[in-house]
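Note that the protein sequences, when read in sequence, are chains H and C.
Take the first sequence: its position 494, counting from 1, is numbered 494 in my numbering, and each next residue is one higher.
Take the second sequence: its position 56, counting from 1, is numbered 56 in my numbering, and each next residue is one higher.
If you're looking for bench data, these hints aren't it; they were derived computationally from the structure.
Because the structure is a prediction, the values reported are computed rather than measured.
Backbone N, C-alpha and C define an ideal beta-carbon position, used for all residues, glycine too.
A few of these clues could be false.
To be verified - Pair by pair, the computed Cβ-Cβ distance ranges are:
id	chain 1	residue 1	chain 2	residue 2	range
1	H	Glu546	C	Glu82	23 to 29 Å
2	C	Lys3	H	Lys662	37 to 43 Å
3	H	Ala654	C	Gly152	46 to 52 Å
As the list claims (entries may be wrong) - To list a few chain C residues with every Cβ distance to chain H over 12 Å, as calculated:
id	residue
4	Thr34
5	Ala47
6	Asp53
7	Pro65
8	Leu114
9	Asp115
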Amino acid sequence: MKVVGQPLPHEGARGHVTGEALYADDLCGRFPGLLHAWPVLAPHAHARVTRLDAAPALEEPGVVTTLTAGDAPGEANTGPNRHDEPLFPDEVMFHQQPVAWVLGETLDAARRGAARVAAEYEPLPAVLDIEQALAAGSYLTAPLRLADGDVSVLESSALRFEGELRIGGQEHFYLETQAALAWRDEAGYIAVYSSTQHPSETQEIVARVLGLPRHAVTVECPRMGGAFGGKEVQANASAAVAALGAWKTGRPVRVRLTRAIDMAITGKRHPFLVRYAAGFNADATLRALRAELYSDGGWSLDLSEPIMWRALFHVDNAYRLPAVEVVGRVCRTHKTSQTAFRGFGGPQGMLLIEEVMAQAAQRLALPADVVRSRNLYREGQATHYGERVDDAERMGTIWSQLKSSSAFEARRAEIAAANARSAHVKRGIAITPVKFGISFTAQFYNQAAAYVLVYRDGTVQVNHGGTEMGQGLFTKIQQIAADTLGVALARVRVMSTRTDKVPNTSATAASSGSDLNGAAVADACRQIRSRLAAVAAGMPDGEWREFAAVCEAAYRQRVPLSASGFYRTPDIHFDPRTGRGRPFHYYAFGAAVSEVEVDGFTGAYRLLRTDILEDVGDSLSPVVDRGQIEGGFIQGVGWLTIEELLWDEAGRLATAGASTYKLPSWSELPPVFNVSLLERAAMPHVIMGSKAVGEPPLMLAISVREALREVVAAFGSGVVTFDSPATPERIFFAVQRVRALRPALT
Amino acid sequence: MTKVTLNVNGETRTASVPPEMTLLRLLREEFGLTGAKLGCDVGDCGACTVIVDGKTVNSCLMLAPQADGRDVLTVEGLATMERLHPIQKAFEEKGSLQCGFCGPGVIMSAKALLDENPDPSVLEIRDALAGNLCRCTGYSKMIEAIQDVARGDNRQPVGESA
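Please put together the full structure from these sequences, using the hints given.
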């Protein structure tokens, strides 16, 4: 029986519920003589290090050594592309940047030692937000630009407006903080357990810091306790410190950031400042859009450039933009290096166009869903970078099915009537679409390899380049391998991700894990399957039905029982100079309807109900996919409503713990939460007809922001706008503004 | 150093530890019980939840010597790989967890709730588990699993079925 498409539990679920599942930091007990690392943290957002004397740390009992500039035999720099992240900086670039590390027999000893390192600083002026960066001309990139059509028609549009939108960042808050454990292996080289989404890059950075060739470094990711993009690049520094410590001392070294340090020193979702001008025709179709997008990239480049590209690619969300000019630029500030986070710039781009759609509706006195639906892509239309939107009709299907299944019109009428009777507590409902491009925008990342081993007893080990962070990739891989080989699920074991099994892998990111690795695994399995079919054809009737018997026969006939598979995404290309191309293999579609209730006295709100319809193609694994949709949506609700990062005037993160940074908890879950998958949605040319699901659902949460806007509007009159996140405080003041504009009661 | 003797998962264990060592570190580093996780170290996230004398405790906030003479139940004491506790079985079948890191803590909180209140409402479940953060799932499949167990759909311990 086929297992692809079956609602199976997560491949790791048994280990998760029993506590037997091991994460990097759970392996410490296997390493006698383990050393613990603690960083020396700079107390300034920007400063020159004028003196660093680590010697006093060595007087502390239990301190074994320190790691400072000069200890690295290679290049002490962990910046992936631009080599712009010195491990031991002489110029501090953000508050609490590590300037040195102390290794101790215990964590407490290392911590006490770090406190004794004598460091002196000369504070320098700091650039702490986007406005300051613009004033100072502080950038990490040149302007990136996408343009299409004649945007000058904006000025002559029937409706024309402009504005500014500030979009807050987001802390990943993976439950497992950054973790690495390194030791010298039997050959004297380096091995690392790392909680990393990108083992091959972690290997590259460790090799760089140690001055070793890559074959001297083995990185293994057993599994991650959440990542969400926050361990794509940001895992490298912890791994490099652990490896350098192990290299210097010959002893195993553990790096496990505390929550407070993790939040203080690792990058987050980029805050954005967007300035826009939009023109609409009288029929509410968009005529032209012009926008400048500035992101707060923090101190180093990280992935900020492709993240800005993805923001620019997604300023259309699901809408046809006939004339557009968008320019994006990454600002350099003295903050953590902002990084990948589920959606990778796409959410910020989409928030811009949804703001524009909502304002157009208010200014034209039309329902927002009418304006949105009039602008949805139609079959045959192309994006502002020239990619035809295949299957555009799916968006229309989703839109109408969801409106109907959620009883959108009836509920809106009921809400309007109820609001008229209730002066201080009102409700609102909104529907928003998501179209999300699937593929890495860097073309070379869109490849994957796998190595499948079949043993004589008919059991199977599958190695591939993807990492498991909870998203269910290993579950899908196990299902794909079982069906392609034609064996029971229990025969297939998915191995932990290791650079010595599959080399030169891509990050598990961009929602592409199962598309890429699944296709590579299927390729390997098909090769083995066809070899086994030839063997089986020569076997007596009845015997060939036994997979194990065929494997044994193949072995005796000297037929190889292992194969490597490979996949490269076809037909994708993009030219950043012209801003034209086909960067995405396909688009994922979905839509959500959300209803909220706001207390006008306080701005406090509750999410009452959400209905989601998501296109995941033919679902590989419905339990996994529904989990991704629910979890992604709630994470998006957090980003857009309650999660607010605050830095003080000295550049210190004021929200460096779950006590001050409000994460979605049990009470944020809507009491009614209906998630459906689009039916008859097979996607040709993608593994087993499926579609990617990791990131797109996050942006369904825009429906909550838009429902809040509807409620605020119900409290008064005038155009409603507020920055993101829409905290209760922001909603309170937005209500105050529209109430001030309300015609006087007579 | 302080000598602590406590009952962990039905077994008497003894260790000599620095007085400032937390119960979490005692369990993980001295006893090798790595089910309870270090998530925030300050009692915000609940990943380290264990049951001490029948009550849930953030083991990152309790000192090991404070557990002296007490009964401690960790996720490892609920079941073996072969025989799951009904809550574990329900969490597995419902797809309640994704990365799994919060799971041991959530499951211990759920057990303490059901021991005290075998038929909790959704609001009571939310209230009892408010101290356990999850970043992956959105919580809904956890609530469904706990309700299943409460309704008795999954009440008896179940052996290996897969």
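Status of the hints after comparison with the structure:
no. : hint                            : result
1   : H:Glu546 x C:Glu82: 23 to 29 Å  : holds (27 Å)
2   : C:Lys3 x H:Lys662: 37 to 43 Å   : holds (41 Å)
3   : H:Ala654 x C:Gly152: 46 to 52 Å : holds (48 Å)
4   : Thr34                           : violated (4 Å)
5   : Ala47                           : violated (6 Å)
6   : Asp53                           : holds (20 Å)
7   : Pro65                           : holds (16 Å)
8   : Leu114                          : holds (15 Å)
9   : Asp115                          : holds (18 Å)
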